[in-house]
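Asks: Sequence:
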Amino acid sequence: MNQVFQQAEMIKRNQKLPLTAFLLFFLLLIGGLTGCGCLFGEKETDTAEELAEKGMEYFEEEDYYDALKVFTTLKERYPYSRYAILAELKVADAHFHRKEYAEAIAAYADFLQLHPKNDAIPYVLYQIGACYYEQLLSEDRDQMPTRRAISAFQRLLKEHPFSTYAKTAKERIQDCRRLLAQHELYVANFYFKSKHYEAALSRFEGVLADYRDVLPLDKRKEVENLALVCKGKLSEQIGEGVNGN
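Numbering (this note's numbering), first residue to last: 1300 to 1544.
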């Protein structure tokens, strides 16, 4: 049985291996040779192997533009090559390194669909989360990337709780939750300053219910006090309404 695919840094750790030897080692890890019978069976065309080697060379040089071109060519020209899975994964990785996150997510999602049992799946799930994580916006902006990052990392933890990436995924989930708490407080303070106390109270109480564990103690006390102020203001408004009648 293949070993669980290690994180992308494995590539750098194995750079001392002859490039062809590393490619074969990588393919063994991700299951690219499954079903082909024997490692030294029918020889793949030199062109497919040369493309794979060239693509890895570009990765080592951090030339992700040319790496993307080479691995795309390999994937399209030799879809049944034993290097095809490598090409699929490296196309996604190249997009990620080029900060083309939408394209990277689509490529990783294709890999998930095509190879759901592959040992690289924990890495792929982590990378999808990382794509969203790299797109996080400030607290006053839309937080959809934050929520999608949390969802992706949570899927990784649910399906592969003991993977190499679990610890970092947990840390990034907490980062995202802190950002969501800040966003909710930003909205709550807006309502508070505009004297929409009911809406502000709902947000303050939501933060205390959902994000208490990521709030510093002083911030937690501040939010609790603001919630009390909102309740007081709402009571005053009710009293004024009764007296007005």
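Since the hints were derived computationally from the structure, they do not count as laboratory data. Each hint should be verified, as a subset may be incorrect.
Said to hold, decoys possible - Below 27 angstroms or equal to it, Euclidean Cα-Cα: the simulated DSS-like pairs (lysine-lysine) are:
| id | residue 1 | residue 2 |
| --- | --- | --- |
| 1 | 1530 | 1520 |
| 2 | 1469 | 1520 |
| 3 | 1492 | 1457 |
| 4 | 1492 | 1466 |
| 5 | 1353 | 1368 |
| 6 | 1469 | 1492 |
| 7 | 1494 | 1466 |
Asks: Check the structure against each numbered hint from earlier and tell me which ones fail, lowest number first.
Replies: 3, 4, 6 and 7
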